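**Q** Sequence:
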Amino acid sequence: MCSQKAYPFHQIHQMAVMTVIQQCRNEQTSATGISGWMHLMLVYSMTAQHHFWFTLYAVDSRGSRSDASFVAVRTSCPMVDDSKAEEIADKVYNLYNGYTSGKEQQTAYNTLMEISPPLLYRVQHHYNSHYEKFGDFVWRSEDELGPRKAHLILRRMDRISLFCRSLLRSGFIQSRTESVPYMLCRSDDTRPGGTLWHSSLHETRLACLEKVISVQRNIYGKSKLR
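Counting in numbering that gives the first Met the number 0, the sequence shown runs from 0 upward without gaps.
No lab work stands behind these hints: they were computed from the structure. No false leads were slipped in.
Lysine-lysine pairs mimicking DSBU-like chemistry, simulated, CA-CA at most 35 Å apart:
1. Lys132 / Lys102
2. Lys221 / Lys210
3. Lys83 / Lys210
4. Lys221 / Lys132
5. Lys132 / Lys90
6. Lys148 / Lys102
7. Lys132 / Lys83
8. Lys83 / Lys148
9. Lys102 / Lys83
10. Lys148 / Lys132
11. Lys221 / Lys83
12. Lys148 / Lys221
13. Lys90 / Lys148
14. Lys102 / Lys90
15. Lys90 / Lys221
None of these values were measured; they are calculated from a predicted model.
I would like the entire structure built from these sequences, with the hints used as guidance.
**A** If you want it as structure tokens, here you go:
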């Protein structure tokens, strides 16, 4: 079982992060030989539009470590490739333009069903920006593919949050890879099961090492950034 509490960590390094320190009792002593209390540190970004979680494994006083934990990157609006979205919008327009054969209909349908919902929303944005005078994306999809297939495509965007939709309607979206710092900490101390949280955290000696992970993110704006 694990309990957790969030603590500001700016004292160790001036970075825009908050840490969650998790104290876990190892229940597999007989199988792994690892015993006692171990500390697991989770670090996530405090940026307004992104929320990164890095789950680190625990190390005991003998250097043995737990199984690798799951690492996840969560954002309020998933990554989209804006250039790809524009290319797909052009492709769909060309497939819809003029007489649409059964093969072209299926190609358009498969293309729009295979991409992620946020990318699909961005495709719709580009399509309407460039070709709305020939009919907007929803109307053309219903006309070319039929109401049933069009509905299957369009309903995939229903779960996109309002905040994410507003970002995906930006004039320009640029993809960047950024280096995000985090702190990897370990404690060689052991604590009895009844140790209180605040007492354990303040009295335990932590050896911390700053590390960096590369994370991709989108930057949204009205015009292309230099």
